[in-house]
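Enquirer: Chain A is fixed; fit chains B, C and D onto it per the hints.
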Amino acid sequence: MNKKAQFETSHELIIWIPRIIALVIVAGIVFFLITLPVKQSFEIDKLQETILRQRFLYSENCLAHNDGKVNSGIIDKSKFNQKNLDKCFEANDKIGVNLNLITDKIETINLNQKIAEKLDFCFDKKHFTCTNYTYYVLIQDEKKLESGLLNVAMIKIK
Amino acid sequence: MKKGESAITFVFSLIFLAIVITIFYALFLLSSVNKANFSINQVSLSDVNINLINYLRTPLNTTTVYDLMINSYYNNDYRELETLSENIFNRVYDNERCPLWNIKGEINNEKFFEFESKFDARKYTLSQNPRNFLRIFTDDYLATRSSSFDIVFPDNKKAKITLLEGCVE
Amino acid sequence: MHKKGDLLIEKQLIFAFYLILAVVVYFMIGSIASERSYFEDYFVRDLGLTIDMLHNSPGKVSIEYHGLSNFNLVTKENFVEVRSSKNIPKIYAFTRDKNYVQLDYNFNFLNDTLKIKKDKAIYLEMVKK
Amino acid sequence: MNKKAIFMPLLSFFVLIILTYSYYELVVKDVEDKSSTIGLNQAELVNAYNKGIENEFNAEKAVSHSLNSAINEFSKNGGVNGKCNNLWKFNSDCEPDLEKNFINVFTNELLKYGYDAKEIKINDNSITIILNDFTYKKELKNFNLEYSLPIAVRKELDIDLNKLNSLKDQVKKCLEEGKPLNTCTNEKTEVQENLMVFSIENNKNILIYTEKIETKKPVFVFKINTRDTGIKRETVF
Chain A
1 MNKKAQFETS HELIIWIPRI IALVIVAGIV FFLITLPVKQ SFEIDKLQET ILRQRFLYSE
61 NCLAHNDGKV NSGIIDKSKF NQKNLDKCFE ANDKIGVNLN LITDKIETIN LNQKIAEKLD
121 FCFDKKHFTC TNYTYYVLIQ DEKKLESGLL NVAMIKIK
Chain B
159 MKKGESAITF VFSLIFLAIV ITIFYALFLL SSVNKANFSI NQVSLSDVNI NLINYLRTPL
219 NTTTVYDLMI NSYYNNDYRE LETLSENIFN RVYDNERCPL WNIKGEINNE KFFEFESKFD
279 ARKYTLSQNP RNFLRIFTDD YLATRSSSFD IVFPDNKKAK ITLLEGCVE
Chain C
328 MHKKGDLLIE KQLIFAFYLI LAVVVYFMIG SIASERSYFE DYFVRDLGLT IDMLHNSPGK
388 VSIEYHGLSN FNLVTKENFV EVRSSKNIPK IYAFTRDKNY VQLDYNFNFL NDTLKIKKDK
448 AIYLEMVKK
Chain D
457 MNKKAIFMPL LSFFVLIILT YSYYELVVKD VEDKSSTIGL NQAELVNAYN KGIENEFNAE
517 KAVSHSLNSA INEFSKNGGV NGKCNNLWKF NSDCEPDLEK NFINVFTNEL LKYGYDAKEI
577 KINDNSITII LNDFTYKKEL KNFNLEYSLP IAVRKELDID LNKLNSLKDQ VKKCLEEGKP
637 LNTCTNEKTE VQENLMVFSI ENNKNILIYT EKIETKKPVF VFKINTRDTG IKRETVF
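Heads up: the sequence lines are chains A, B, C and D, in that order.
The first sequence finishes on residue 158 if you use our numbering, and the numbering steps up by one all the way, no holes.
The second sequence finishes on residue 327 if you use our numbering, and the numbering steps up by one all the way, no holes.
The third sequence finishes on residue 456 if you use our numbering, and the numbering steps up by one all the way, no holes.
The fourth sequence finishes on residue 693 if you use our numbering, and the numbering steps up by one all the way, no holes.
This is chain A alone, in the form it adopts within the complex (with noise of 0.2 Å):
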C-alpha cells in the first residue's frame, strides 16, 4: 500500500509541475500586456521634441524672417548665429539641438553642445529620444532669396 502511495503522489507531481510553470509565464505575459498602454501614453517626449524643432521657422525671434509679417519658412540670414539661437531656444539640460543651413555650403551650430555631441548615441533609445527633419527652406540674405535645407536634430535625455 506505501508503494502504491508514493506512486500516487509522485505522479500528482508530474501532472502539477508543468501546469505551475505555464502560470508563471501566462502571469508574466498578461502584466507586460497590461502595461503596454501605460508606458505608452506618457512618452510624449518625441511630440515635445516635433513642437520645439518648428520654433526655428515659425518663430521671428528665432529663424523667421520678417518683413512688416512673419514669414514662416522663410529663414532670416542674420539671425542663423550661436547668439541668437541661444537666446530664443533656451535648451534645459536634457536637451541638445543640432542645425545645419545647407546651400552650396554648410553652416552648422549647437545647442546645448554637451547634449548635441550625444546624437551619436541615438540608437540606444532606452536612454534618448531622438528626432530629425530636413526642412526645405527659404534664405533671405539682404536682398537675395535663395532655397536650401535646413536639417533639425534634436535629443533628449529621458
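SDA-like mimics (lysine to any residue), calculated; alpha carbons at most 20 Å apart, straight line:
no., chain 1, residue 1, chain 2, residue 2
1, A, K144, B, I246
2, B, K316, D, K568
3, B, K318, D, Y569
4, D, K673, D, N621
5, D, K532, D, I559
6, C, K456, D, N600
7, D, K672, D, N659
8, A, K94, C, K417
9, C, K338, B, T167
10, C, K425, A, I109
11, D, K594, C, E391
12, D, K619, D, E551
13, C, K387, D, N600
14, A, K144, B, D225
15, A, K79, C, N426
Label pairs and their calculated CB-CB ranges:
no., chain 1, residue 1, chain 2, residue 2, range
16, A, E146, D, E633, 50 to 56 Å
17, B, D235, A, D86, 44 to 50 Å
18, A, L145, C, Y450, 32 to 38 Å
19, A, T35, B, D235, 58 to 64 Å
20, C, Y450, A, D86, 23 to 29 Å
21, C, S412, D, I473, 35 to 41 Å
22, D, I473, A, I102, 56 to 62 Å
23, D, G570, B, E238, 28 to 34 Å
Source of the hints: derived by calculation from the structure; they are not laboratory data.
Each residue gets a CB set at the ideal place from its N, CA and C atoms; glycine is no exception.
Expert: Using the frame of chain A, we list chains B, C and D on its own:
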C-alpha cells in the same frame, strides 16, 4: 484513456492561451502606439506644410514656382514644372531616409499634375492607416505624412496642392 | 469514497485560487488605470507643451483651460509645476525664449479657468468661476 | 488518480477574462481619460498656424491677380468710371480721380476672391492693402482656442499712377489757362472732331488670365471734349 485526456486538455489549453495572448498583444500594442503617434503625426504635419509653402514660394527669376504652376496649367505643359519639382524634392528627401515623395495638384477634384519619386513600394510597408496591423511585424516601415494647401488660382479658381512624404521610422 | 473526496477538495482549492487571483488582478488593473489618469500628470504636460507651442505662434493666441479641479499652478523661469493636495507635484520644463518676458505666476485653482494669451509676450491669468 | 483536468482550461478562460477586462479598462475606457488627449490641443494650435499661413499666401496671390485685372480694366476705362466712355470731365461724375477710381476697381476685383479690404493706401506707386485679420476659433472639451493673424500685403504697382496724375495736372492747368491741349503734354494725342484723345502705353507687362494667358502692356486711353471739359475757362483752337 483518462491520462491521455488530461494531456490533451493541457495542450489544447496552451494553444488557446497562445492565440488569446497574441491577439491581445496586437490590440494593446496598436492601441498604445496609435494614440501617441496620432498627435505626433498631427503636429508633424506642420513640417510638411513648411516644405510645401516654400516649394510654392521658391523664386524663379522674377516669378515663383506658384506662377510657373499657373502658366503650366493654362498652357497645359508641365515639363518645366516637373523638372523643377524633381530637383527640389529629390534634394530635400534623400533616398535613404525618405524614399517617397509625391506632389499633386487638383482643381475641382480633377488632377492636373502629379509628380513623385522613383520609389520601390515592395521594399517597404506603407502605413497609410495608423491602425495598419502589419506595423507590429516590421521594424522598418514607411511613415507617410501629407499636407495640402487650397491655393488661389486666377479667375477665382481654387487649386488643392498636396505634398506627401514617406520616411523610414 | 476517499478518492472522490480528494478530487472535490482539489477542485475547490483551484476555484479558490482563481477567485483570489481575480480579486488581486482586478484591483491591480484598477490602480493602473486610475494612477495613470491623475490630473496633474496630464495637465502639467498639456500646459507645458502648449506653452512651448505658443512660442511658435506667428499670430495672436488666446487659450482657455476650463473645468480645472483644485490644484496649485506655479510657472517660473522655464518650468511649470502643478501640485494638488494629495499627490506629489508634477513638473514640465519648457524651452524658454528669452526675448519674452519671463513667466512668473502662482495660482490656486478651485474649479476656475486658466486663460493664456500670446501677443508680444505670453501672459497667464486665472479667471474666478 | 486520473482526474477531469480543470486547472488549465480554467487558466485559459481566466486569462481571456482578464485581458478583455483590462483592454476595456486601459484602452476603450481610456478614450475619455485625459492622458490620452495630450497632443490634441497642440495639434489644434499648429493647425491654426497653418491655416493662417495658407490664408496669408492666398491673400497675397489674390491681390496680385486682382491688381492685374484692375490695371487692365482701369486702363481700358481711361481711369474713370466705365459709364463715362473714357471721357474725362472735371468736376463731374467723370472726374479723373485716378487713385480713388483705381482703388474702386481693385476692391471689386479683390471681392471676387472673397477678400474684403479694411484699408487700401497708394503712395509712391506702391499699394498697401490691409485685410481683415485671419481668425480661427476652436472649442474642444476643456480647451478653447482663438487665433488671429493680421493680413497686410504690399505690392509695387505695374502702372505708373504718378505719371498719369502729373499728366492730369498738366491737362487741368492747361485748360484753366486756356492753352491748346496738344501744346501742354508730350504724350501722343489725336484729334477727333472736338475730342482730344490721349493714349499712354503702360511701361510694364501684366498677365491677364482668361481662357489662356495674355501678357500685355495695357494702353491707357482717355478723351477730353474740348467744348465740355468741366473747367470754367474754355479754349478755342
